[in-house]
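Asker: Okay, here's what each chain looks like letter by letter:
Protein chains: 2
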Amino acid sequence: MPTYSHPRPSVTVDVVVFGYDGGRDLKLLLIQRGGEPFKGQWALPGGFVDMEEDLEASALRELEEETGVKDLFVEQLYTFGAPGRDPRGRVISVAYFALVNLTDHPAVAASDAARVEWFKLHELPELAFDHAEIIELATSRLRAKVRYQPIGFELLPREFTLAELQALYETVLGVPQFNKRNFRTRIMKTGILQEVGRQENVAHRPAVLYSFNEETYHRLVQQRDSAVLRRALDFEI
Amino acid sequence: MPTYSHPRPSVTVDVVVFGYDGGRDLKLLLIQRGGEPFKGQWALPGGFVDMEEDLEASALRELEEETGVKDLFVEQLYTFGAPGRDPRGRVISVAYFALVNLTDHPAVAASDAARVEWFKLHELPELAFDHAEIIELATSRLRAKVRYQPIGFELLPREFTLAELQALYETVLGVPQFNKRNFRTRIMKTGILQEVGRQENVAHRPAVLYSFNEETYHRLVQQRDSAVLRRALDFEI
DNA sequence: TCAAAAGTGTTATCTCTACACCCATGT
DNA sequence: ACATGGGTGTAGAGATAACACTTTTGA
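Protein chains in written order, with the working numbering: chain A, -17 to 219; chain B, -17 to 219.
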């Protein structure tokens, strides 16, 4: 097997970053391409993997270089490698995805990218390469993940009310609204929330503020995807 | 961005094939390497991706070339790309995994492989490269999958009894034994099984033979991972 | 008639859903 | 006092777990 003489494809990483700011829409981080191919079109942040660099490190590096977004957890999504997906030749792309609290992660155009913008997930522009397909997969992965892991940790500010947490779930799952009473019962039963104070200066009964109890959170997420979480988070759609 | 001049890693595929033959163990398909590096050691079937070939097609081709195993569904698992995982240089490997009914898929050594063998999952030999890590990930993916998708379709013969289906679940999940009555109720409620006959010449009451109702099966698996299936298959561990 | 494995009835308990209601605050 | 959103009690329906029981076959 003459391994050294094998023709070699190029390898890139692309990153799908979902952002949330409390509204009725999830947002998606895109860059406008500054170079060919697809110059001027919107695309996922990403780029070529360096020879001595881990894949995940590449994803984080390219993301920061192109958008300024950093300090986040990425998770591998899928590897796209159909011949012909890139006009430059054979390019295999390892896609990553991440969730961030939008207000903590301002986007700033840099290097290759002409512009950077957070788009509403339901109002995306036309996309370069097969990036629409990548985003679709990431979206369905997010909706699956929400059912067995608490996503609020990454998407919400450090302190939040139960109403905010519920709004997040309704937004991500795209359902009109579910029962307040039952949502609370389910979430509280997991024990992952801890009371940290109450709202002030609101024209109604002040809501209790919660944050995630990191210890309980990590124990539950670790434990073979914990039946406790599945039971509590598996909202019917 | 001078894309043409980028240094390029090699890209391979590796395939984790789980087999079942009705016993108390899951089996795993391994080859003994015929060439360097790791000559003589056991490894996952796999090899280099051709320039004009889709990743999944590569995985199926390498699997058949090295083991004779074909006609099966593979699912992408994860992409391993740590620098240093292959002594030949930078090699990025896209791992796939598959489930087969062992009796329908005899293994035959061919081409590069010195030998091919089905190993019990709990009695694996020392493995080449980072393949032990790949197998560990595949195993945990299988145990997660079993909870929301019916795996019997791929692992069992076309006709089977409920006792056989239950033994499969106990084997995959590694639990001693769960309640017969309740297992049956859960499975039957999905409507995924159809009666196709009964056992003959057994020294006890003959069991009803079932097969999967393909139509119901595909409808349920498709439908956003169907709550019906999750409810029915999510066995406590 | 017996052993072996298949298959069923039933109940007590737990969980979930839906809906109505009460509570605390600023204006 | 009242509007506003936060927060709770609870009954009826439905799902679940556990156990003991009946059935059908070949030897």
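Simulated from the structure, these hints should not be mistaken for lab results. Take the hints with a grain of salt, since some may be wrong.
If chains are identical, the list can't say which one is meant, so a pair holds when it fits in one copy or spans any two.
Said to hold, decoys possible - With a Cα cut of at most 20 Å, we get these calculated EDC-like pairs of lysine to aspartate or glutamate:
1) K171 <-> D32
2) K127 <-> D216
3) K162 <-> E196
4) K171 <-> E35
5) K162 <-> E34
6) K127 <-> E99
7) K21 <-> D36
8) K127 <-> E57
9) K102 <-> D216
10) K9 <-> E57
11) K171 <-> E47
12) K171 <-> D112
13) K52 <-> E152
14) K162 <-> E118
15) K52 <-> D112
16) K52 <-> D86
17) K21 <-> E182
18) K127 <-> E108
19) K171 <-> D86
20) K9 <-> E35
No experiment lies behind these values; they were computed from the predicted model shown.
Asker: Hints first: check each against the structure and report whether it holds.
Answerer: Against the structure, the hints:
1. Taking the shortest Cα distances, K171 and D32 never come within 20 Å of each other, neither inside one copy (46 Å) nor across copies (52 Å).
2. Taking identical chains as interchangeable, the C-alpha atoms of K127 and D216 lie at most 20 Å apart whether they share a chain (10 Å) or sit on different chains (16 Å).
3. Taking the shortest alpha-carbon separations for K162 and E196, neither the intra-copy value of 24 Å nor the inter-copy value of 39 Å comes in at or below 20 Å.
4. When the C-alpha separation of K171 and E35 is checked against a cutoff of 20 Å, the pair qualifies neither within a copy, at 42 Å, nor between copies, at 50 Å.
5. Taking the shortest alpha-carbon separations for K162 and E34, neither the intra-copy value of 51 Å nor the inter-copy value of 54 Å comes in at or below 20 Å.
6. Neither within a single protomer nor between protomers do K127 and E99 lie at most 20 Å apart by alpha-carbon distance, with minima of 25 Å and 36 Å respectively.
7. Taking the shortest alpha-carbon separations for K21 and D36, neither the intra-copy value of 28 Å nor the inter-copy value of 26 Å comes in at or below 20 Å.
8. In the homo-oligomer, the alpha carbons of K127 and E57 lie at most 20 Å apart both inside one protomer (11 Å) and across protomers (18 Å), since each shortest distance falls under that limit.
9. Taking CA atoms no more than 20 Å apart as the test, K102 paired with D216 passes in neither setting, with 25 Å inside one copy and 34 Å between copies.
10. For the homomeric pair K9 and E57, the shortest alpha-carbon distance inside one copy (18 Å) is at most 20 Å, but the shortest distance between copies (29 Å) is not.
11. In this assembly of identical chains, the alpha carbons of K171 and E47 never lie at most 20 Å apart, being 42 Å within a copy and 52 Å across copies at closest.
12. Taking the shortest Cα distances, K171 and D112 never come within 20 Å of each other, neither inside one copy (42 Å) nor across copies (40 Å).
13. Within a single copy, K52 and E152 get their C-alpha atoms no closer than 27 Å, and across copies no closer than 44 Å, so neither meets the 20 Å cut-off.
14. With identical chains, the CA atoms of K162 and E118 are never at most 20 Å apart, being 30 Å at best within one copy and 40 Å at best between copies.
15. In this homomeric assembly, K52 and D112 never come within 20 Å of each other (Cα to Cα): the closest approach is 24 Å inside a single copy and 29 Å across copies.
16. Only within a single protomer do K52 and D86 lie at most 20 Å apart by alpha-carbon distance; the minimum there is 10 Å, versus 50 Å between protomers.
17. With identical chains, the CA atoms of K21 and E182 are never at most 20 Å apart, being 49 Å at best within one copy and 69 Å at best between copies.
18. Proximity of K127 to E108 under the C-alpha cut-off of 20 Å is found in neither arrangement, the shortest distances being 26 Å within a copy and 34 Å between copies.
19. When the C-alpha separation of K171 and D86 is checked against a cutoff of 20 Å, the pair qualifies neither within a copy, at 29 Å, nor between copies, at 47 Å.
20. In the homo-oligomer, the alpha carbons of K9 and E35 never lie at most 20 Å apart, since the shortest distance is 29 Å inside one protomer and 35 Å across protomers.
This entry does not satisfy hints 1, 3, 4, 5, 6, 7, 9, 11, 12, 13, 14, 15, 17, 18, 19, 20, going by the numbered hints stated previously.
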